[in-house]
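S.K.: Residue-level listing of the chains:
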Amino acid sequence: MYQTTYHRPSTVQEAASLLASAEDVKLLAGGQTLIPTMKQRLAAPANLIDLGRIAELKGITVSGGTVTIGAGTTHAEVHTSADVKAAIPALAKLAGGIGDPHVRHLGTIGGSVANNDPAADYPSAVLGLGATVVTTKREIPADDFFAGMFTTALEEDEIIVRFVFPVPRKAAYAKFANPASRYAMTGVFVAVTGDGVRVAVTGAGSDGVFRWMDAEAALASDLSPSALDGLSLDPSGMLSDIHGDAAYRANLVKVMAKRALAALG
Amino acid sequence: MATISLTVNGKAVTATVEDRTLLVQYLRENLGLTGTHVGCDTSQCGACVILVDGRAVKACTMLAAQADGSTVTTIEGLATGDQLHPVQAAFREHHGLQCGFCTPGMIMAAVDMINRRGGALDEQTIRHELEGNICRCTGYHNIVKAIQAASAEMAGMRQAAE
Numbered sequence: 000m001y002q003t004t005y006h007r008p009s010t011v012q013e014a015a016s017l018l019a020s021a022e023d024v025k026l027l028a029g030g031q032t033l034i035p036t037m038k039q040r041l042a043a044p045a046n047l048i049d050l051g052r053i054a055e056l057k058g059i060t061v062s063g064g065t066v067t068i069g070a071g072t073t074h075a076e077v078h079t080s081a082d083v084k085a086a087i088p089a090l091a092k093l094a095g096g097i098g099d100p101h102v103r104h105l106g107t108i109g110g111s112v113a114n115n116d117p118a119a120d121y122p123s124a125v126l127g128l129g130a131t132v133v134t135t136k137r138e139i140p141a142d143d144f145f146a147g148m149f150t151t152a153l154e155e156d157e158i159i160v161r162f163v164f165p166v167p168r169k170a171a172y173a174k175f176a177n178p179a180s181r182y183a184m185t186g187v188f189v190a191v192t193g194d195g196v197r198v199a200v201t202g203a204g205s206d207g208v209f210r211w212m213d214a215e216a217a218l219a220s221d222l223s224p225s226a227l228d229g230l231s232l233d234p235s236g237m238l239s240d241i242h243g244d245a246a247y248r249a250n251l252v253k254v255m256a257k258r259a260l261a262a263l264g
Numbered sequence: 000m001a002t003i004s005l006t007v008n009g010k011a012v013t014a015t016v017e018d019r020t021l022l023v024q025y026l027r028e029n030l031g032l033t034g035t036h037v038g039c040d041t042s043q044c045g046a047c048v049i050l051v052d053g054r055a056v057k058a059c060t061m062l063a064a065q066a067d068g069s070t071v072t073t074i075e076g077l078a079t080g081d082q083l084h085p086v087q088a089a090f091r092e093h094h095g096l097q098c099g100f101c102t103p104g105m106i107m108a109a110v111d112m113i114n115r116r117g118g119a120l121d122e123q124t125i126r127h128e129l130e131g132n133i134c135r136c137t138g139y140h141n142i143v144k145a146i147q148a149a150s151a152e153m154a155g156m157r158q159a160a161e
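Chain order of the listed sequences is E and L. Residue numbering for the first sequence follows numbering that gives the first Met the number 0, starting at 0 and increasing by one per position. Residue numbering for the second sequence follows numbering that gives the first Met the number 0, starting at 0 and increasing by one per position.
No lab work stands behind these hints: they were computed from the structure. Heads up, a few of these hints could be off.
Unchecked claim - Derived list of chain E stretches under chain L, where covered just means 3 residues or more per stretch with a C-beta under 8 Å from a C-beta of chain L: (1) 30-36; (2) 93-107.
Said to hold, decoys possible - Examples of chain E residues lying across from chain L (beta carbon under 7 Å, computed): (3) M0; (4) H6; (5) T10.
Ideal placement from N, C-alpha and C gives every residue a C-beta, glycine not left out.
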């Protein structure tokens, strides 16, 4: 790892002003992606701002049909939260399938979503549930947040503070995990809300997480796995690597969407 | 440079380290606690698992500076004098190791899962919980047996104490 300068602010405001004033800076959330990347010398920020000790970034609250999760809340905390399990069980289940127990003890929802890894789990829940991303500057609807692989609408000096998830009528997440890394080869999050059905796909698209609009349209009138029978995805928009080529992934999206629908109950 | 103060295996320590120092480097190179191993350098193998504030984490994927103010337990901190921790004793009894390189991380992960879940653990749960720990000898069968035995014994000890 190259030299870096570590900063530990204790409030969001302090973190934001450090971020605005420092050059060549990265925010350190749980560090479960950033630190390995720095160890490989694929990232070498001159300054690191550790968000790990900021109390206002932590915690889960449920009220008025929404679940609010602080950006610094760990995967383990979301997975084991009685509130999340009661309101959006699919979200608790998703969090428990990220990485391994040690990663889940440190990794955070804010870090995962800000990084927008094309194979990460959380972006599919944020997009599938139509969550709102609340930052130090504004509120960003999920549909406007994800902007391609490892890219988001976040500005250079903007920090995610929390996520507001509307509680769906029902939801399910089905993931085909890479057996070695546990990242999603394909993960499909299906949510049935008052406004209709949303289907968000991670791990498969070459631009990162996306909504499968054809599936949403088909499910509007028939919420069963067989409603997807006549549909197919264009492989040209899919990731292709040693774990699975584009055609394989295009098929896998449909398979995992059907499994998610079957799990809706 | 960062000045850090933490509690390691019950002892208060203070040090000045480079900001980029990994917690595992600090433990091994500054404190001489070489029981915490570095197996992969890519944050996948779990040989470096320790407890930070009671939770299992990978010491290779955390900066020493992040641990400032924390309480750390390494494999060296488990035994009480000559008396092995029940998980250590179970690994010996059930031969839960071959080359031994992954053993410290396996044991710390086992302590964490038993503390967190409580009660006697079944095989499926243990195998699922060990997703972050790799044994290159593929000696998982006896590792799982050892954790199963230790979890049952510790559940019994808890009951006896109540």
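S.K.: Next step is simple, just say for each hint if it's right about the structure.
M.R.: For each hint, the structure was consulted:
{"no.": "1", "hint": "30-36", "result": "holds (count 4)"}
{"no.": "2", "hint": "93-107", "result": "holds (count 7)"}
{"no.": "3", "hint": "M0", "result": "holds (5 Å)"}
{"no.": "4", "hint": "H6", "result": "violated (9 Å)"}
{"no.": "5", "hint": "T10", "result": "violated (17 Å)"}
Checked against the numbered hints above, the structure breaks hints 4, 5 and satisfies the rest.
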